Amino acid sequence: DAMVIQNPRYQVTQFGKPVTLSCSQTLNHNVMYWYQQKSSQAPKLLFHYYDKDFNNEADTPDNFQSRRPNTSFCFLDIRSPGLGDAAMYLCATSRDNAGRDQPQHFGDGTRLSIL
Amino acid sequence: RKEVEQDPGPFNVPEGATVAFNCTYSNSASQSFFWYRQDCRKEPKLLMSVYSSGNEDGRFTAQLNRASQYISLLIRDSKLSDSATYLCVVYDDYKLSFGAGTTVTVRA
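Heads up: the sequence lines are chains H and Y, in that order.
Everything in the first sequence is counted per the numbering used here, starting at 1 for the first residue and increasing by one.
Everything in the second sequence is counted per the numbering used here, starting at 1 for the first residue and increasing by one.
Mixed in with the good hints there might be a few duds.
Simulated DEER-style distance windows between Cβ atoms [to be verified]:
(1) H:D51 to Y:T105: 35 to 43 Å
(2) H:M3 to Y:D57: 19 to 27 Å
(3) Y:N12 to H:K38: 23 to 31 Å
Here are the simulated DSSO-like pairs of lysine-lysine, each with C-alpha atoms no more than 30 Å apart in a straight line [unchecked claim]:
(4) Y:K45 to H:K38
(5) H:K38 to H:K17
(6) Y:K2 to Y:K95
(7) Y:K95 to H:K44
(8) H:K44 to Y:K42
(9) H:K38 to H:K52
(10) Y:K79 to Y:K42
(11) H:K38 to Y:K42
(12) H:K38 to Y:K95
(13) H:K44 to H:K17
(14) Y:K42 to H:K52
(15) Y:K95 to Y:K45
(16) H:K17 to H:K52
(17) Y:K79 to H:K52
(18) Y:K95 to H:K52
(19) H:K44 to Y:K2
(20) Y:K45 to Y:K79
(21) Y:K95 to Y:K42
(22) Y:K45 to H:K44
(23) H:K52 to Y:K45
(24) Y:K2 to Y:K45
(25) H:K17 to Y:K79
(26) Y:K2 to Y:K42
(27) H:K17 to Y:K42
Incomplete in silico selection of chain Y near chain H, CB under 8 Å [as the list claims (entries may be wrong)]:
(28) P14
(29) G99
(30) A100
(31) G101
Rather than coming from a laboratory, the hints here were simulated on the basis of the structure.
Source: prediction; values computed, not measured.
Each residue gets a CB set at the ideal place from its N, CA and C atoms; glycine is no exception.
Model the full structure from these sequences, guided by the hints.
What follows is the structure, given as structure tokens:
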């Protein structure tokens, strides 16, 4: 059974039209992460929540926001998507801060296309 | 300089062959190291952790060289199902830093 679930698998939006990507987890993990991965590139961490504490990466554009209303759910909001935001967006969780004994569990990802 | 760098490959090998590749990292204080596997258009999945003394998991052997700041992955007796992109991952403080991956293609 999937433990980190991302919806939808594929999302198409128009240039400049806000879009929200969803992630839920059944693992009751404290930490949830959002990554952006473009073709043939490494996943790039955008931000993460440790419980309710939000941690933004310094180079994450202001266009990207996140919400975590409860332990199970985390959302990625892109306020005004540009063509450069087309990518795979990966949600991951870990019980505690990622480390040797804290593997990250990834969802299947949402592939975002911008028209 | 990128935090984690990998030879993108691709490494094209016949079934049964041994293939090995490295990954370098820039932060000498990095604490933990992993290899993840990512299939085309799928999410990364943890393959194995890398321990200081080196470790094996079946046909996979991982090594860490702290002095030269690299880790390696060796795959013995390659199977068709080993075809994937292998991501080198380094843990610093609270986060994981991913390499862009090394693509391995095993042919029949």
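In ascending order, which of the hints set out earlier in this document are inconsistent with the structure? 17, 25 and 28
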